[in-house]
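Student: What follows is the residue order along each chain.
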Amino acid sequence: MGSDDSYARDRMGVTRREFLKAAGGVGVGLAVTGLGVPRHLWTAAAAPGATPRRGGQITFGSAALPASIEPHLEGADIYQRRKPLFYETLTWVDFDLVPRPMLAERWEERSPTEYIFHLRRGVKFHNGKEMDAEDVKYSYERVLDPKTGSGGRGDLIMIRSIDVVDRYTLRFTLHEPNATFLINLAGKYNAVIPKDAVRTGRELQQAAVGTGPFRVEGFEPNRRLVLRRFDDYWDRGRPYLDGITFQAIPDESSLVAGLRAGQIDMVQFESGANFQLVRHLRALNNIQAPGIRWVVLDLAGDMEPTKNPDVRRAVALAIDRDAVLRIAGNGLGQRLGVLPPAMTFWAMPVDRLPNQKRDVARARELLQRAGLRPPVPLTIRNIVGFPSLAASIQVIADNLREAGFEVKVETVDIGVWIKDWIARQSPSTVNEWGGFVDPDQAFYRHYRQPPQGVDFRRWGNPEVDRLLDEGRRTLDRNRRKAIYDRVQTMLADDPISVPLYAPHLLYSLNRKIQGFRPYPTGFLYGLRFVWIEE
Amino acid sequence: MRAYVLRRLLAMLATLLGVSLIVFGLMRLIPGTVVEQLLGQSALITEETLRSLRVFFGLDRPWYVQFGEWAWGLLRGDLGHSWRSDRPVAALILSRLPVSAELAVLSVAWSLIIGIPLGIVGAVRRGSADGFVRIVSTLGLSVPAFWQGTLLILLFSVYLQWMPSLQWIPFTQDPLGNLSIMALPALTLGTATAAMISRMTRSAMLDVLGQDYVRTARAKGLGPQRVLLRHALRNALIPIITVAGVQMGYILGGIVVVEDVFSLPGVGRLLLDAIFQRDYPVVQGTILVGAALFMLLNFTVDLLYAVIDPRIQYQ
Numbered sequence: 001m002g003s004d005d006s007y008a009r010d011r012m013g014v015t016r017r018e019f020l021k022a023a024g025g026v027g028v029g030l031a032v033t034g035l036g037v038p039r040h041l042w043t044a045a046a047a048p049g050a051t052p053r054r055g056g057q058i059t060f061g062s063a064a065l066p067a068s069i070e071p072h073l074e075g076a077d078i079y080q081r082r083k084p085l086f087y088e089t090l091t092w093v094d095f096d097l098v099p100r101p102m103l104a105e106r107w108e109e110r111s112p113t114e115y116i117f118h119l120r121r122g123v124k125f126h127n128g129k130e131m132d133a134e135d136v137k138y139s140y141e142r143v144l145d146p147k148t149g150s151g152g153r154g155d156l157i158m159i160r161s162i163d164v165v166d167r168y169t170l171r172f173t174l175h176e177p178n179a180t181f182l183i184n185l186a187g188k189y190n191a192v193i194p195k196d197a198v199r200t201g202r203e204l205q206q207a208a209v210g211t212g213p214f215r216v217e218g219f220e221p222n223r224r225l226v227l228r229r230f231d232d233y234w235d236r237g238r239p240y241l242d243g244i245t246f247q248a249i250p251d252e253s254s255l256v257a258g259l260r261a262g263q264i265d266m267v268q269f270e271s272g273a274n275f276q277l278v279r280h281l282r283a284l285n286n287i288q289a290p291g292i293r294w295v296v297l298d299l300a301g302d303m304e305p306t307k308n309p310d311v312r313r314a315v316a317l318a319i320d321r322d323a324v325l326r327i328a329g330n331g332l333g334q335r336l337g338v339l340p341p342a343m344t345f346w347a348m349p350v351d352r353l354p355n356q357k358r359d360v361a362r363a364r365e366l367l368q369r370a371g372l373r374p375p376v377p378l379t380i381r382n383i384v385g386f387p388s389l390a391a392s393i394q395v396i397a398d399n400l401r402e403a404g405f406e407v408k409v410e411t412v413d414i415g416v417w418i419k420d421w422i423a424r425q426s427p428s429t430v431n432e433w434g435g436f437v438d439p440d441q442a443f444y445r446h447y448r449q450p451p452q453g454v455d456f457r458r459w460g461n462p463e464v465d466r467l468l469d470e471g472r473r474t475l476d477r478n479r480r481k482a483i484y485d486r487v488q489t490m491l492a493d494d495p496i497s498v499p500l501y502a503p504h505l506l507y508s509l510n511r512k513i514q515g516f517r518p519y520p521t522g523f524l525y526g527l528r529f530v531w532i533e534e
Numbered sequence: 001m002r003a004y005v006l007r008r009l010l011a012m013l014a015t016l017l018g019v020s021l022i023v024f025g026l027m028r029l030i031p032g033t034v035v036e037q038l039l040g041q042s043a044l045i046t047e048e049t050l051r052s053l054r055v056f057f058g059l060d061r062p063w064y065v066q067f068g069e070w071a072w073g074l075l076r077g078d079l080g081h082s083w084r085s086d087r088p089v090a091a092l093i094l095s096r097l098p099v100s101a102e103l104a105v106l107s108v109a110w111s112l113i114i115g116i117p118l119g120i121v122g123a124v125r126r127g128s129a130d131g132f133v134r135i136v137s138t139l140g141l142s143v144p145a146f147w148q149g150t151l152l153i154l155l156f157s158v159y160l161q162w163m164p165s166l167q168w169i170p171f172t173q174d175p176l177g178n179l180s181i182m183a184l185p186a187l188t189l190g191t192a193t194a195a196m197i198s199r200m201t202r203s204a205m206l207d208v209l210g211q212d213y214v215r216t217a218r219a220k221g222l223g224p225q226r227v228l229l230r231h232a233l234r235n236a237l238i239p240i241i242t243v244a245g246v247q248m249g250y251i252l253g254g255i256v257v258v259e260d261v262f263s264l265p266g267v268g269r270l271l272l273d274a275i276f277q278r279d280y281p282v283v284q285g286t287i288l289v290g291a292a293l294f295m296l297l298n299f300t301v302d303l304l305y306a307v308i309d310p311r312i313q314y315q
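If you read the protein sequences in the order shown, they are chains L and F.
The first sequence: position 164 = 164 (the numbering used here), numbered continuously.
The second sequence: position 74 = 74 (the numbering used here), numbered continuously.
I should point out that these hints are in silico values taken from the structure, not numbers from a laboratory.
Note that CB positions come from ideal geometry on N, CA and C, so glycine has one too.
One or more of the hints may lead you astray.
[What the hints assert, rightly or not] To give an idea of the chain F side of the interface with chain L (calculated C-beta under 7 Å), a few residues:
no. : residue
1   : G32
2   : E36
3   : Q37
4   : E48
5   : D86
6   : A90
[What the hints assert, rightly or not] Here are some, though not all, of the chain F residues that point toward chain L, as calculated from beta-carbon distances under 7 Å:
no. : residue
7   : L38
8   : L75
9   : T216
Using the sequences provided together with the hints, build the complete structure.
Tutor: Pasting the structure below:
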């Protein structure tokens, strides 16, 4: 463990073969759902054997840009995607979702609870200061400090202490063995910053002092983020681009027009509908890649009628998930059982899990067994601002009606929803989840009973709790796989969450942009390796 | 006159105080705070985290302390700092104001240029021209701005592919580029006002054209143009200006919608983003400045009456 080879391998750029391998999951997924996609849509990242060239800038159009670039507080994925371009962490999780060295050159596992990290030497911050062990200790302790209020604290809670051994060496001691420790170090809430960067706690909201390949040259909240190549970047020769400008264009149809007119070089689409408008344009590279997000109907485990497991099964059986993917997801995604297929090693295939195929008769039977007579009232919440979720609800409501439910749709603002979740009052909701690269991250907070799990479904199963604790403590990957297979089976058997589909990552880029590789969580690591071929 | 101005200014101050209280209260009535927005929905949210962030944003203190602090800042001319970006609210508004001000001015200009002639034509040429004017103005009034904007984008950007720049360009830097960005939004925002003004002009002109002094002017042998513009229009202007003034309020509200549809980085967009993110200081500051602007506009319109019609005097 802890070798540097993957980072070196990535330096060569992505070959077509490698990309095909990465995109292979799409092919399989599409074969299952029977949806054909022309090959050019998910290949063509770079010509084989092409050599990266330095120079040039690109404009990236985004539907939403953050109000603040504070590295340890900002939470939403849609705002965080650009962060790996200017902030870095001790480890990173590579394109195959395996933890690799980043600011740490290597690490030693002295025992299951003791890790020694050897830092890369000569790493400079954007302010010119050299990074050392004190900065790393300070940064992770800042996330861990309850006073900071970071949402990432829970990811690091297994850390008992961080000690500086010498200028370039640190010791992390854990409370108990934890399989996701190295992955969590790379989590989205973390970033190594200089020890003296924070005085009032507010300065990082608009200025970034990271070690990343780009530095923030200009930032206008919600409007524009201008990145310039960091000339002192530790990985010599990288990045290739001189700069990237992220421009907020809230209306996605304007993004489409901008791409066609050449005003924007690259877009990551949130909605399949708009991607459909550009996907056949040969002047652009249109990339679909499997993503680790999933659209899901989360049920309320302590509310009528979904507190009854039979009703939950009836809901799962009533929904035609292929139709939801086809209609709400524009067919641009993958069917999933519990975990999205992009989590290649962990996800169990749909056909090995119970309650996956639509069976209205069986759903009606289950309602009867639960002592309910149709129409059974069921409230489903829709969070405003997510078009694909709203479209999913239409299909679901229709499906559920056939099985004997009377669906009432309630549309709320996300602030209302989060507030109700914290107050433990949220009803069943259509949601979009993701960004987790390990099943522990995906399951523990959501399905482990309190006090460790803080969830809005309010569901519990002692056996699942036991398995989740075991999965967290077990370090052997194959043994963990067996544990999480069992968890997935149990979650499918008692579907407190009904996963509907995993939307693809959708990118459109000008053909001159070479070497882009989609990162499974949708974060923009791929822009580190991009160059321009005029 | 001076007493009147003073009275009006005092009334405006009182209104602003009321507005600030209402905005402050309303923001706190919307469920969810900046804290939940910041954490996002995949965070591991614990009571401890929530408490720390509430302290960070000062939300742990009683509302009257928060209001008092904000009001004290206002009195000293300080609108406070954005919670999310830590920028001064006044600077944020000032940086966005040119966009919105230009949009407002252009749309008012558009509505006057179109509305007044249309109204005059409708009043003078009864018959088919009048029917046309009435249909156009009814349409203009009933089509909502967001829909009209979307249709214009579809027509010009998507089908005809006449793409304006997606990046905002100041007028001083590139007038033509700037106007190409502003044309559609100003058109969208000005249409309803133009329709309103044309209707108002038409009925006011009809009213005035039947008056004795117009007949006298005609009898004196004045040319029709002179009668129409010097004698009739000038007297018809009072209700038109009133309507135009009231429509300013509509335009201030419409700016929010139109800036959203056309992705313009103006004050309206700033306000929307701030509401979504529950950035209270920015919402409060923006609405307060908007309210002040609206009142000043109304006040100016009232003063204009006296300029146009010497019979009107304020005491």
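Student: Okay, which hints does this one fail, numbers in order?
Tutor: Violated hints: 6, 8 and 9; rest satisfied.
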